[in-house]
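Novice: Residues per chain are reported as follows:
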Amino acid sequence: MALLEVSDLHAGYHAADVLRGVSFSVEPGGITAVLGANGAGKTTLLRAISGMLRRRGSIRFDGRPIEKTATEDIARLGVAHVPDGRGTFLDLTTEENLRIGAYTRKDRTAVAQDLDRVFTYFPRLKERRQQQAGTLSGGEQQMLAVSRALMLKPRLLLLDEPSFGLAPLVVRDIFGILRAINAEQGVSVLLVEQNAALALDLADNAYVLETGAVVMSGTTQAVKSDESVRRAYLGY
Amino acid sequence: MEAFLHQVFSGLATGGIYASLALALVMIYQSTNHINFAQGEMAMFSTYLAWSMINGGMPYWWAFLLTVLVSFVVGIVIERIIIRPVEDAPLLSVVTVFVALLVIFNSVAGWIFTYTIKTFPSPFPEQPPFGNRYISSHELGSIGITLVVLVALYLFFRFTPLGLAMRAAAQNPVSSRLAGIRVGWMLALGWGLAAAVGAVAGLLIAPVVYLEPNMMSGVLLYAFAAALVGGIDNPFGAVLGGFMVGVLENLIGAYVIGTELKLTVALVLIVGVLLFKPSGMFGKVFVSRV
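In order, the protein sequences belong to chains R and Z. No gaps in the numbering here: position 39 of the first sequence is 39 in the working numbering, and each next residue is one more. No gaps in the numbering here: position 159 of the second sequence is 159 in the working numbering, and each next residue is one more.
With the rest of the complex left out, here is chain R (with noise of 0.2 Å):
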């Protein structure tokens, strides 16, 4: 059974429609990405996905309706969004940033051990621990961003563009942490790109979303190696 399984999702601001009938599938384990030009609908998607706006259709994580679910206890279901623009808590310290992240966590062993594993994915983040977090770089706001949605323990990771608006050596160590958190804690990623060809090299299945529709789905290899995706997405 996958873990995430959306079929038939209208989401949208407002009055207007964004997303029209979108279906897809994340299995457990597995890393899947949806690619798509500006406007396509990805944020719109995720942010579906966490109830953070109007939807209809269905979507089940782990087997449980969660379309009518409030965003705070999609979370406390073990749903980590990293939100578009990266949501920092800019006038807290790094390590306040982390704390909120496991906010929802009783267990305070697991919490400090965790929080020593996120500093080893990131020593950065570590050397700017007391710091606040409004003064970091992009980049560390990024892996912040990563390592905050880690602290909740999640069972499912929502990326938005992870890569938007950094240096490439510095989406080279996301991406390269990315996989690790995925193959060493079995936390499956949906992964929202506008940068195909990273997208398509971290993740398993792949689906193309046009102006609010899936146009194509199917395996990275698939994805990658069909005419219109390399032509539009990949550009060679």
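Be a bit skeptical, because a hint or two may be false.
[Claimed, not checked] Computed Cβ-Cβ distance ranges for the label pairs, DEER-style:
| no. | chain 1 | residue 1 | chain 2 | residue 2 | range |
| --- | --- | --- | --- | --- | --- |
| 1 | R | Gly29 | Z | Trp185 | 33 to 39 Å |
| 2 | Z | Gly110 | R | Gly134 | 46 to 52 Å |
| 3 | R | Gly29 | Z | Tyr154 | 42 to 48 Å |
| 4 | Z | Tyr154 | R | Gln131 | 54 to 60 Å |
| 5 | R | Lys126 | Z | Trp185 | 28 to 34 Å |
| 6 | R | Ser23 | Z | Pro90 | 38 to 44 Å |
No wet-lab data here; the hints were simulated from the structure. Here the structure is a predicted model, which is why all the values come from computation and not from measurement. Positions of the beta carbon are idealized from the N, C-alpha and C atoms, including for glycine.
With chain R held as given, fit chain Z onto it using these hints.
Specialist: Relative to chain R, chain Z alone:
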């Protein structure tokens, strides 16, 4: 010199009360960007509650404790029932609700307890402590209780997970929800804390200004001034502003304009800060690039 020191100390005592009320205002402002105009009247109502308990024979400190607890719960209930439905309403609607709350509390207090001015007991002895000539026992006690409240709040917000979650919810509600924080409850809790702190302020100022339904109107004005001087979005600034306004009020009242015009000090401060430094001493300055 003696008179001067006396003015400074009693200024610090009332200043502490302005500081508490200013802090209550800032707590709600930080999470909602609204000024609760009814904060003073809520404190006044709490004070009447304590007065009834004490008159009914309850020992002062039991009444104190119980009043603070009840105020906390009532604060939460007000947020859940009255404020929550207008959460996303336009500013003017919210202000109207706050003003309505003010009028309702004021009138209900007058209706139940009448407008007759009542004395309110101080828990501290009438003799000044250690036979000194500068500060009364009630003033010293007020400063002490204020400091205890302020330190307790600081420790709560700084070191407990719940305090951290409340700060997070005030700062970034969207990210807080994504972390599983129940933002609505955090706001309600903020209202409860503000009401409890306000109740302490009311109980401490009542022996000085006497108990009547309008007792907090002046105090609230000074608290506004304090919050603005310190920076409306900065709790430390608001507290410091409170003490400053208290001392300034006393000194200017005693040496410059006379006690009758003391309240103008608050208004001059408010207008002055808004004109020349709208962000206050420690407030965030918003700069936008074009």
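Novice: Decide, hint by hint, whether the structure agrees.
Specialist: Results of checking the hints against the structure:
Against the hinted window of 33 to 39 Å, the Cβ-Cβ separation of Gly29(R) and Trp185(Z) comes to about 34 Å, which satisfies the hint. About 48 Å separates the C-beta atoms of Gly110(Z) and Gly134(R), a value consistent with the hinted range of 46 to 52 Å. For Gly29(R) paired with Tyr154(Z), a C-beta distance near 45 Å keeps the hint of 42 to 48 Å intact. In this structure the supplied range 54 to 60 Å is violated for Tyr154(Z) paired with Gln131(R), their Cβ-Cβ distance being about 21 Å.
One distance hint, 28 to 34 Å for the beta-carbon pair Lys126(R) and Trp185(Z), holds here, with the actual separation near 32 Å. Evaluation of the 38 to 44 Å hint for Ser23(R) and Pro90(Z) yields a pass: the beta carbon distance comes to about 39 Å.
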